[in-house]
Amino acid sequence: MIAQNIGFWIIAVLMIVAALRVVTTNNVVHAALWLVVVLAGAAGQYILLAAEFVAITQVLVYIGAVMVLFLFGTMLTRARIGAESDLNNSYKKLGIPVGLIMLVAMGLALTRSFGAEKLPDSAKVVSTQEVSDQIFGPYLLPFWALSFVLLAAVVGAIVLARKD
Amino acid sequence: MSPLLAEIPYWGESLFRVLGGLVAVLLPAGTIVYVFLFKMMSFMQSRLGPMEAGPYGSMQLFAEVGKWLQKEDIVPERADARIFKMAPIIVLLSTFLLVVVVPFGPDALFTDLETGIFYALAVSSISVLGILIAGWSSANKYSLLGGLRAAGQLIAYELPMVLAVIGVVIQAGTMNLQKIVVAQNSGSMFGIDAVGHPYLISQFVGFVIFMIAIQAELTQAPFDMPIAESELVSGYMTEYSGFRFLIFFIGEFATAGVFAMIASVLFLGGWGVPFSWFGWTSIDEVDNWMNFAGPLIMFTKMMLIVFIIMWIRFSYPRLREDQLQRFAWKGLIPVALANIMVTSILKVVF
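Residue numbers (this note's numbering), protein chains in the order written: chain R, 14 to 177; chain S, 49 to 398.
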């Protein structure tokens, strides 16, 4: 696993730098592009974990759809070239405790469920069939719940956007 | 499968792959530009096209490339220079990432991803990012409008494309492009082995939707609103000149070639011929010479599909922006969904 570990650290450092640039850069579009680097790094980490399907979904959904819509929205409304001074607001400090709470919560969830369990040395590529067997088998209820949340979001967007 | 590359060391194999990738991207792009853009368009308009450089103007392309390379690399004063320079490279990068999964023969392939077609659809959407930031960083309202139009169009037509592909995936039972090729060539239709089972026939609706969607994804007329020279100068490319424009230009036609290759893999049987012609029953029995004949067969099918794309491009006037969006969301997507439903019902019944 040594090659994967080196790959992990290179990508992880890159992601951390890019994530810091997302919140420190003074241009909206630059922030969005740094976020693309973070999301692409996450896709790279999935590939190192031999999770091909999840990695490609990450690229398709986050880079191909979410970030494009993000950029589309900001360019349509306000996206000047050059530095902007009014990007920070008074809730800036609140981000630090929220980030810490998320870190602790996710770290706890991971260590509680996996503990000292290690990945096998020669990780086998997880096939799409296995992924779908899991989603439509034991994880069907969470999957339904998630799609319900998404449906609610779509309906909400339509309600907000319709004038009559 | 005979081990064609067994004696070559890893670095040699990698070099071979890089060179192969360059050939697989640049050769179709050059051929498409010369055969279709220069010659076919000219003949359709009752003129000769380029005739001076080389026999029948066949060296015209090298003259054009030389011209572009000599031009000054201009960045507008108020543009965001770093992103402005990065944008064309992102567009070309997505083309190179795309060609990686296309199989050209039983062993002649770059990588054999289990999720091949899914990967292709994912990386093809990266080019939207390049086009958007090209439009934004030019600091030009025509460029920005072109970029926004391009993004809106590519998002709208990516959906019917994905949905059309799902029909093929259901029928083949796999997302691996190599296995999709094998499934088409080892199948039979109406009990006749000699024709194989090209999904062009059984997935005809999917094929038509896929062709319309790639026409729009490649921003070829009648879907060329992002460029729309009579409205937007030349859209997101307005401020580009010299070799950065050349990269956009190569990217456009190379992507046309790669999308045509993917279409021929999905619907026309890719590199293969019906296996029953030579008595093969599975991919392991396919003879070694198919590694050399396969790319040629693939190239022929690609040219056939690009011919259809270009034929439509030179024949129809541009749609209006709202017609374009309505056509995708109200026309193509419902038909594609119905196609998936019918395909899956038939798959379960038979």
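Check each hint, because a few of them may be wrong.
Claimed, not checked - Restricting the straight-line Cα-Cα distance to at most 27 Å, the calculated cross-link-like pairs of lysine-lysine (DSSO-like) are:
{"#": "1", "chain 1": "S", "residue 1": "Lys227", "chain 2": "R", "residue 2": "Lys176"}
{"#": "2", "chain 1": "S", "residue 1": "Lys395", "chain 2": "S", "residue 2": "Lys227"}
{"#": "3", "chain 1": "R", "residue 1": "Lys137", "chain 2": "S", "residue 2": "Lys119"}
{"#": "4", "chain 1": "S", "residue 1": "Lys133", "chain 2": "S", "residue 2": "Lys189"}
{"#": "5", "chain 1": "S", "residue 1": "Lys87", "chain 2": "S", "residue 2": "Lys119"}
{"#": "6", "chain 1": "S", "residue 1": "Lys349", "chain 2": "S", "residue 2": "Lys378"}
Don't read these hints as lab results, they were simulated from the structure.
Violated hints - listed by number, lowest first: 1, 3 and 6
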